[in-house]
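Line by line, the protein sequences are chains A and B.
Every letter in the first sequence is one number past the one before it in this note's numbering, and letter 141, counting from 1, is 141.
In short: position in the second sequence from 1, add 302, done, that's this note's numbering.
No lab work stands behind these hints, which were simulated from the structure alone.
Heads up, some of the hints might be wrong.
As the list claims (entries may be wrong) - The calculated lysine-lysine pairs, modelled on DSS-like cross-linking and capped at a C-alpha distance of 25 Å, are: (1) B:Lys446 to A:Lys152; (2) B:Lys446 to B:Lys412; (3) A:Lys152 to B:Lys634; (4) A:Lys175 to B:Lys647; (5) B:Lys634 to B:Lys647; (6) A:Lys152 to A:Lys175.
What the hints assert, rightly or not - A few chain A residues that face chain B, going by a derived Cβ cut-off under 8 Å, partial list only: (7) Ala58; (8) Met61; (9) Arg132; (10) Pro206; (11) His258.
Stated by the list, open to error - Simulated restraints on C-beta separations: (12) B:Ala653 to A:Pro250: 17 to 23 Å; (13) A:Gln173 to B:Gln516: 41 to 47 Å; (14) A:Arg199 to B:Pro571: 46 to 52 Å.
Don't be surprised by glycine CBs; every beta carbon is placed ideally from N, CA and C.
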Amino acid sequence: MSAPVRSAKAEGHSRESAGQSFDPGYNFAYLDEATKRMIRRALLKAIAIPGHQIPFGAREMPLPYGWGTGGIQVTASILGPRDVLKVIDQGADDTTNAVSIRRFFHRVAGVATTTRTAEATIIQTRHRIPERPLTEGQVMVFQVPMPEPLFKLEPRLAETRRLHALGDYSLAQVKLYEDIARQGEGGSAYSHPVMVNHRYLMSPSPIPGFDNPKLHMSPALMLFGAGREKKIYAVPPYTSVVSLDFDDHPFRPVRAPHACAACGSTTSYLDEIVTDDRGGRMFVCSDTDHCAETQIARKAAE
Amino acid sequence: MYVAVKGGDAAIAAAHAWLAEQRRGDTSLPELSAAQLQEQLGLAVDRVMAEGSCHDRELAALAIKQARGDLIEAAFLLRAYRNTLTRFPAAEPLDTGAMRVRRRISATYKDMPGGQVLGPTFDYTHRLLDFALLAEGGAPPPPKEAEASGAPMPRVSEILAQEGLMRREPPGDDAPPPDLTREPLPFPAPRALRLQSLARGDEGFLLGLGYSTQRGYGNAHPFVAELRMGEVEVLITPPELGFPISLGEITVTECQMVNQFAGQADTPPQFTRGYGLSLGHSERKAMAMALVDRALMARDLGEEVTAPAQDQEFVLLHADNVEATGFVEHLKLPHHVDFQSELEKLRSIRARWEAARDGNAEAAE
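Make a model of the complete structure from these sequences and hints.
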């Protein structure tokens with residue numbers, strides 16, 4: 001899914017690696033074209049029914065289940081030679097699994113990769129949405145471990161499929177009510193379910209609740225791939241995405257109440273770093289690209 | 303000034319180099335060849351072929367070597383390779399009745415046409431460590447060869463079926479069989495897909511589930527009608543020819559268990575079949591599969607579904623060890639973003655809890 005507008009704009013920037021040849025032992029982006037077409041059909045269906053889980057014939061990938069096979073298959077199916085790929089895990093480009101997936105696509109597709117959110121046409125992610133607002137033409141690909149938002153309340157897929165068909169989300173609402181009654185607030189800190197387009201309850205994947213609002217009316221296309229569970233779902237651009245809550249107990253995204261020790265940001269999501277064994281703590285941005293940009297901007301301003 | 307942890311690239315490269323060194327081990331000892339593994343660790347090779355669902359002994363042996371003997375990792379390597387292969391048309395159903403039998407036993411009859419053939423088995427060995435094997439060299443003396451009877455070996459389930467005591471399987475249609483590796487599993491899953499899933503499922507998981515049906519979780523009273531292992535011919539019918547041609551022979555293990563079924567108003571009491579088929583020589587797997595297959599028929603037969611082994615979703619969605627190991631082991635990946643939100647959530651809830659406690663204490667004073 002090349003986005004010509006974005007590629008043209010991106011050409012002026014330096015990239016981590018330029019597009020080049022790929023491993024001749026495999027088809028472009030690893031998957032065969034028939035499989036890619038099957039996945040793209042599932043994606044189109046998913047985009048047409050926002051938030052609805054579409055079963056697909058997920059393939060075995062050379063990376064383990066639970067480590068991003070769904071996201072990798074989605075990325076492989078939409079990737080074009082002119083795309084610029086960014087891969088993050090926990091918000092960072094240099095976490096080992098992100099490095100590994102980025103290398104995989106570099107090897108089997110030879111596409112240009114970047115760490116800069118602004119330059120990327122496709123961003124594959126695990127557990128975060130970048131801080132920098134996404135733009136039209138960008139595609140987020142989420143790695144999803146458990147696509148079914150109700151699975152902790154009803155493990156049987158035949159039953160949850162029925163509940164989705166009926167739009168019966170009382171189980172989730174009762175759970176939320178019980179959490180609030182017991183502990184004063186909702187119990188889920190991440191993977192907090194969202195209503196998409198006022199119809200389907202959807203798992204946003206295990207992003208922290210802090211990132212949930214970024215899904216709402218985003219100009220970017222959001223694709224979700226669950227390889228082991230063999231499901232694909234999507235949030236098209238400019239779609240309503242509302243975190244499950246009650247009028248008198250509105251959803252409250254949380255972040256650690258500190259400033260980033262590296263860039264000073266008081267609005268970004270923070271990682272807590274343990275600095276010693278006497279309770280020492282430090283907080284830094286989880287989004288490494290955003291942190292670097294903020295540091296540069298701050299230096300320039302000084 | 304704090305600098306975020308970096309260096310994933312270099313660390314991965316170094317870790318993989320270390321792994322390669324560990325795999326080779328002490329270089330003063332000769333390196334194992336894949337051919338040696340095929341010959342001397344044949345049952346490990348068979349297990350990897352079965353769970354990797356790819357019949358290629360050489361590649362399975364290579365996978366075991368590459369995985370340092372970790373059989374689930376080896377099955378994973380083989381699966382990932384298998385996935386890149388071009389699909390031919392589906393083969394004709396294997397005729398296991400025409401198997402060139404190396405082993406064939408029945409627990410339900412003392413003797414039957416074709417006889418009992420013990421074959422190469424651990425059964426009836428005494429499990430005493432054979433210290434002679436520590437000393438290398440020397441081949442064991444060749445086994446005594448009996449005259450092959452050449453008598454046909456009809457399947458024992460057929461013998462029961464002729465008497466009308468065996469439940470007839472519903473006839474299949476001409477539609478091509480569904481393929482678990484190309485389509486997601488629907489629920490309730492048809493038996494063809496259940497069997498595919500069990501055939502590639504983890505031997506240990508199926509063993510435990512099968513065992514549970516014997517211990518009262520699923521109310522099974524199984525008998526091994528027949529267990530047979532040997533070579534069967536694989537035939538395909540290319541559309542341009544219109545008649546079947548042979549691709550060669552593969553080794554398979556087949557188990558047919560019979561279970562009593564109480565019958566219903568419109569069905570007389572009869573035996574029902576649990577079926578197990580596994581690539582290579584893997585009896586434990588084929589038997590466990592047959593037990594679980596029968597347990598999973600509960601729904602079709604109108605039996606009450608009470609035990610884990612009878613629950614399709616529970617069994618089929620957790621039997622695949624490549625899926626299971628991936629998801630269990632993904633917990634090694636960093637989760638600090640989620641954990642951070644969990645930390646803040648716990649702190650927030652605790653603050654409320656403490657405020658409420660203090661409030662209560664004040665109210666009590």
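Hints and how they fare:
This hinted pair does not check out: lysine 446 of chain B and lysine 152 of chain A have alpha carbons roughly 60 Å apart, beyond 25 Å. Of the supplied pair hints, the one linking lysine 446 of chain B and lysine 412 of chain B holds, its CA atoms being roughly 23 Å apart against a limit of 25 Å. Pair hint lysine 152 of chain A plus lysine 634 of chain B holds up; C-alpha atoms about 22 Å apart against a cutoff of 25 Å. A hinted pair counts as satisfied when its Cα atoms are at most 25 Å apart, and lysine 175 of chain A with lysine 647 of chain B qualifies at roughly 16 Å.
For the given pair, lysine 634 of chain B sits about 22 Å from lysine 647 of chain B by alpha-carbon distance, which is consistent with the 25 Å threshold. At roughly 10 Å between alpha-carbon atoms, lysine 152 of chain A and lysine 175 of chain A fall within 25 Å of each other, so this suggested pair holds. Annotation: alanine 58 of chain A was flagged as interfacial toward chain B, and the flag holds, the nearest CB pair being 7 Å apart, inside 8 Å. The criterion of a C-beta within 8 Å of any C-beta in chain B is met by methionine 61 of chain A, whose closest approach is roughly 7 Å, and the hint holds.
Because the smallest distance between the Cβ of arginine 132 of chain A and any Cβ of chain B comes to about 17 Å, over 8 Å, the interface hint for this residue is violated. Annotation: proline 206 of chain A was flagged as interfacial toward chain B, and the flag holds, the nearest CB pair being 5 Å apart, inside 8 Å. For histidine 258 of chain A, the interface hint is violated, the least distance from its beta-carbon to any beta-carbon of chain B being 10 Å, above 8 Å. The hint said 17 to 23 Å for the Cβ distance between alanine 653 of chain B and proline 250 of chain A, and at roughly 19 Å that hint holds.
Range check, glutamine 173 of chain A to glutamine 516 of chain B: Cβ separation about 43 Å, and the 41 to 47 Å hint holds. Separation of arginine 199 of chain A from proline 571 of chain B is about 50 Å and conforms to the stated range, judged on CB atoms against 46 to 52 Å.
In this structure, the earlier hints numbered 1, 9 and 11 are contradicted, and the remaining ones agree with it.
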